[in-house]
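My request is simple: use the sequences and hints to build the entire structure.
Protein chains in written order, with the numbering used here: chain R, 1 to 172; chain A, 1001 to 1224.
FYI, nobody ran anything at the bench for these hints, they're computed from the structure.
The hints are all genuine.
Label pairs and their in silico Cβ distance ranges:
(1) A:LYS1066 to R:GLY13: 24 to 34 Å
(2) R:VAL127 to A:LEU1117: 53 to 63 Å
(3) R:THR130 to A:SER1008: 33 to 43 Å
(4) R:GLY13 to A:PRO1044: 35 to 45 Å
(5) R:LYS10 to A:SER1215: 52 to 62 Å
Glycine included, C-beta positions come from ideal geometry on N, C-alpha and C.
Letter by letter, the chains look like this.
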Amino acid sequence: GVGELALLEKLLGLPKGNKYGVQGERKIPVLQTNNGPGLTGLMTIAAHLVKQAKKDQLLGSTAEEKAVVQQWLEYRVTRVDGGSSKEDTRIILKDLNIHLEDKVYLAGNIFTLADILMYYGLHHVMVDLTVQEKEKYLNVSRWFNHIQHYPGVRQHLSNVIFIKNRLYTNAH
Amino acid sequence: MGFGDLKSTAGLRVLNDFLADRSYIEGYVPSQADIAVFEAIAAPPPADLFHALRWYNHIKSYEKQKASLPGVKKALGKYGPADVEDTTGAATDSKDDDDIDLFGSDDEEESEEAKKLREERLAQYESKKSKKPAVVAKSSILLDVKPWDDETDMAKLEECVRSIQVDGLVWGSSKLVPVGYGIKKLQIQCVVEDDKVGTDMLEERITAFEDYVQSMDVAAFNKI
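As structure tokens, then:
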């Protein structure tokens, strides 16, 4: 939520000074703006910050990329933050693993806000995965390891270890 | 290192396995390493080698920027898993006979000898290449350095020991251990690369500080 937005600001190179609050039981982040009621919602605020930092390419360049970025931002807020049972997590990892089979980044060949927010959103999940699970969701592990090494993304979050040698699978 | 023969399916399979948990050949950004391997591959990998295909399509999207990617293009044998050799476009033995004919008589014998010599050299080179350790052999050594008496300045003694700077030697932590009669010995840890530094050399250098050091012993020696 709010902590994440602070990390995002730093990653984007924005100066501090934005004021955040939270709303409601689900602690939805709110950004106070100078004029008006303020922006509500993680996705909305994140997209706004990206534009503020003039890094619009992080939202996608082509129409299709933009749509995919939005898809994953929505996924993050509804599926990752919404449900958090073991079963939900399993489904999320399965979905992601399939999606990332033929892509380096969520939107294909470019690094976008989708990768950033999915990384922050899934960090607590990845930290707790067993070695076997990390191998099972091999594409997610590859993607996650890649994003956490992207300059400026990880910051103070712990580094999730992925071992190089495959222990369990020999059939793909 | 290498991927075997990248022009064959077997080689592509090695590449596929290598890329299963990596986005790039080296590190976390596209570099000349990716370009080097990309250019060695004739056509997009088949769909069942989906990690290789993913990587291939991704690197293809950098086609226009390939000259500006970081790094230096190295031989294919420098990339990939450590235990696989590169055999892409392996040179077949050139025709000995043609060369040797130039030497006129003693044809037959020479060509046999020359061939044998060349094969020997090749075998030597291969064995040298495969023997080359991927990791440098290191050892952790604990040294006991003893002063003359209890009035020796231990701080100075430690300084002298740490002043020994050699390639392949890294000093670690140290502590003073009392041995009796008020005398303390300096126990200091170091990590050395076996090929470069030996305990004899260390002993010589340390005991050279005659004003402070009475003797030196190796308290513990562990391979890392």
